[in-house]
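Chains as they are written, first to last, in the working numbering: chain A, 1 to 232; chain B, 1 to 289; chain C, 1 to 345.
I should point out that these hints are in silico values taken from the structure, not numbers from a laboratory.
Each hint can be trusted.
If you want the footprint, here are the derived chain B segments under chain C, 3+ residues with CB under 8 angstroms:
{"#": "1", "stretch": "26–33"}
{"#": "2", "stretch": "83–94"}
{"#": "3", "stretch": "266–274"}
Distance condition first, Cα-Cα at most 20 angstroms in a straight line; then the derived EDC-like pairs of lysine to aspartate or glutamate:
{"#": "4", "chain 1": "A", "residue 1": "196", "chain 2": "A", "residue 2": "217"}
{"#": "5", "chain 1": "A", "residue 1": "6", "chain 2": "A", "residue 2": "61"}
{"#": "6", "chain 1": "A", "residue 1": "106", "chain 2": "A", "residue 2": "26"}
{"#": "7", "chain 1": "B", "residue 1": "187", "chain 2": "A", "residue 2": "72"}
{"#": "8", "chain 1": "A", "residue 1": "125", "chain 2": "B", "residue 2": "174"}
Beyond 10 angstroms from chain A on every Cβ pair, some chain B residues (computed):
{"#": "9", "residue": "126"}
{"#": "10", "residue": "151"}
{"#": "11", "residue": "211"}
{"#": "12", "residue": "217"}
{"#": "13", "residue": "256"}
Cβ coordinates follow ideal geometry from the N, Cα and C atoms, glycine included.
Given next are the chains, with one letter for each unit.
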Amino acid sequence: MLQVKKLSAAYGQVTAIREIDLSIDEGGILAVIGANGAGKSTLLKTIAGQLPLKTGSIHFEGQDISALPAFERARRGVVMVPEGRRLFASLTVHENLQTALSSKRKGFWNLETVYDLFPLVAERKDRRAGNLSGGEQQATAIARALVANPRLLLLDEVSLGLAPAIISELYAILPKILAQGTSILLVEQDVSQALKVSDEVHCLLQGSTSLAGKNFDMAAISAAYFGTEVKS
Amino acid sequence: MNLLDPIIQGILLGGLYALFAAGLSLMFGVMRIVNLAYGDFAVLASYASLVVVNAALVNPLVALVFIAPAMALIGYVLQRTILQRTLGLSPLPSLLVTFGLSIIVQNLLLMFGSADQQRLTLGDIDTASIILPLDIHIGVFPLAVFVLAIVILSALSWFMASTQYGRLVRAVSDDPATVELQGVNPKQIFALATAIAFGLVAVAGVAAGIQTSFNPSSGSMLLIFAFEAVIIGGLGSLWGTLGGAMILGVAQTVGAAFAPAQQILAGHLVFLIFLAFLPNGISRRKVRA
Amino acid sequence: MNQIQTQTPLAGQSFTIRRWAPTSIIGTSSFLAVFVVLAALPYMVNLSLVYSMIDLFILLILAMTWNMLAGYGGMVSVGQQAFIGVGAYSMVVIADHLGMNIFFAIALSAVFCGLLAIPISFLVFRLAGGYFAVGTWVISEVVRLTVVQVPEIGGGAGASFGAMSDMSKELRIATSYWIALGAVVLVLLACVLLIRSKGGLALTAVRDDITAASTSGVMVTAIKRLVFVFAGAGAGIAGALIAISSLRVQPDSVFSVQWSAFMIFIVVVGGVGTLEGPIFGVLVFWILKQLLADYGPLYLICLGAIGIAFVLFVRGGIWGLVSRKGRVELFPVGYKYSSNSSIDN
Chain A
1 MLQVKKLSAA YGQVTAIREI DLSIDEGGIL AVIGANGAGK STLLKTIAGQ LPLKTGSIHF
61 EGQDISALPA FERARRGVVM VPEGRRLFAS LTVHENLQTA LSSKRKGFWN LETVYDLFPL
121 VAERKDRRAG NLSGGEQQAT AIARALVANP RLLLLDEVSL GLAPAIISEL YAILPKILAQ
181 GTSILLVEQD VSQALKVSDE VHCLLQGSTS LAGKNFDMAA ISAAYFGTEV KS
Chain B
1 MNLLDPIIQG ILLGGLYALF AAGLSLMFGV MRIVNLAYGD FAVLASYASL VVVNAALVNP
61 LVALVFIAPA MALIGYVLQR TILQRTLGLS PLPSLLVTFG LSIIVQNLLL MFGSADQQRL
121 TLGDIDTASI ILPLDIHIGV FPLAVFVLAI VILSALSWFM ASTQYGRLVR AVSDDPATVE
181 LQGVNPKQIF ALATAIAFGL VAVAGVAAGI QTSFNPSSGS MLLIFAFEAV IIGGLGSLWG
241 TLGGAMILGV AQTVGAAFAP AQQILAGHLV FLIFLAFLPN GISRRKVRA
Chain C
1 MNQIQTQTPL AGQSFTIRRW APTSIIGTSS FLAVFVVLAA LPYMVNLSLV YSMIDLFILL
61 ILAMTWNMLA GYGGMVSVGQ QAFIGVGAYS MVVIADHLGM NIFFAIALSA VFCGLLAIPI
121 SFLVFRLAGG YFAVGTWVIS EVVRLTVVQV PEIGGGAGAS FGAMSDMSKE LRIATSYWIA
181 LGAVVLVLLA CVLLIRSKGG LALTAVRDDI TAASTSGVMV TAIKRLVFVF AGAGAGIAGA
241 LIAISSLRVQ PDSVFSVQWS AFMIFIVVVG GVGTLEGPIF GVLVFWILKQ LLADYGPLYL
301 ICLGAIGIAF VLFVRGGIWG LVSRKGRVEL FPVGYKYSSN SSIDN
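Generate coordinates for the entire structure from the input sequences, incorporating the hints supplied.
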């Protein structure tokens, strides 16, 4: 469903990711891991369309979306939950979810089913989004993305700044999203957390792929994460 | 001295100023653009009205039905083509471009119109007044404009609160990049906000054209009044703007009652007092400028 | 030439920092040559050309000071005409009514305008960006409306400037010209020194990134106030020159927002935020004025359209195009780093 080939992107003069290849099947889940500054968020932003790509291509459901602007990709079902949640602070929770209706995508997820999935969000639906706690905001941000009925959901560092209990709750929801046929590409700094939700990982080191695939042991992953030699 | 009369006149005048201020503050709230040509577009609408009135022999309100959408369209196109390019971190480009537009519009009006004072008229209603007890005269037209201002502000308020586009306009002023992630082109929303602002400016321009006279350079004063109303009222608050407009109106009319030639200066001085001591306006909201 | 030689522990390399680059040496020398020519001008050309050069100098002063305000300080003012008017009226009061020497009068006018700028800055600094711009406009309107109340300086009809009326026309125009030329050079020098100084470095930091500047300890408000006062004084000098050259101070003309339009056009076309920009801008303005001024509104429409085109498509102005975006400087205000060729082990 998603095919990324030799993707490179830069911030001004600085190349942030270079020559990344990855793919995800329908209903699949892939975790992108790596240290701070490795380029994980950059990768997601480039796929979502917030950052223009320098070289390479992105194919989604067989179509080349490399040149499409972010809103066009969202309309096709590539929906991102951005780093730092980025809720609309002056809107209520309910209104935040309503904004996603503009993507005009039909599917299983609507305001009702999303509220079913996140009862805590439903309880706070008339509260100003700026007044929520971190965990509530993250849940709302994911809920907002779901309302757009994504075919590919991009999750950028959802665990950032949250307590472990809340992180577990959020991750527990992912299978229900996958069950609807949506694929998930998530960026996660905590490797053990990433491995709990996804067999397949893609590790970035200073903008390049250092490890990709399934069934690695922690030693191999650590080496790829930190860029050290594998001690055998 | 009967101060009640000027105070009431000032409150009604505030309605007119609120119509001006609403569009200016909408553009600023959504895009952080202060449109220095704002008043000049209002005057453009007045002149357009004059042309339609003279050509089609209808009254200005009928002309407005065509001019308001035309102005909204002009605003939309202006935003998509020129103003969009000026959006960014620095306020400099948008200020320079809108200042340039101001000069262009004023001089186009000078070239194709004349420098004489012009006036739109609705006939006898212009000067009709209702006489209340305590010898208070209320101009019918100013009263109508005040009521219209309340209606329009309410409609705008409803639009922002209860429609999808209204939500998107509010969202875009919070975070344009994230709005794009919801499948919405932020440029369209900016252009929509500008179109609404220009439609408002057309209504305000025609109303002012009936209530007072105008010439090609009247726009500068209108911009200044709108700006003063917004600052006195406080950034970011629609009803605060109405309050600010009324305070400005009263300052002007009461000032005129004491010193007839100093109406505008009185307004400026009250504005400066507010700027010095109550910089966040009467609504006291601290909004990042 | 200032040179700082330092030994750094890093790789044992030493480096030199020079304030003067080859282009700034050439540039400044050429300006000196131009100055000599300009000083001799009244002996060489006819009177009306000399008279119109005074206008050019006035605009150059206004453009340079507006550039400091907006290009370096980030403050887009549309109200500098307040100080132009006050400067002009001050000349009338100080030189005419009080009978003081012309040079003193100009200096005092400038000082008075600078002092006036201080309380004004406290008011307008409560606003930012576009609202700051309209705020400065309101202030200029308040100043105008206040000044026309004073019958002693002519009220709405304005005042005449008579302090030089006992000179012959040739001498008066030549003297005015030299005063204006001197004023331009002084203001230019002041701008160069300001940018060269620590204050100027802070200002460039503010110009480039205000948040980074303030977190680096730059006292942003103090610097901005300094620039605002400087620009006010500069505009005051321009106003004083207007009084001298046109012999009459009309409130509607001297407080007109059209002055702001002209200074903005000149800086935008020449190159915002560069010292060289206003000079090129004034030349372009000059040419356009000679070609189009007879056409009244059309002339202003052209200025507006050209200004907009430059803002949208030629952000760096003419100087930006010529200097390939900041790598060439005609004035010694930058820092050129070069490492010395020997590498110590």
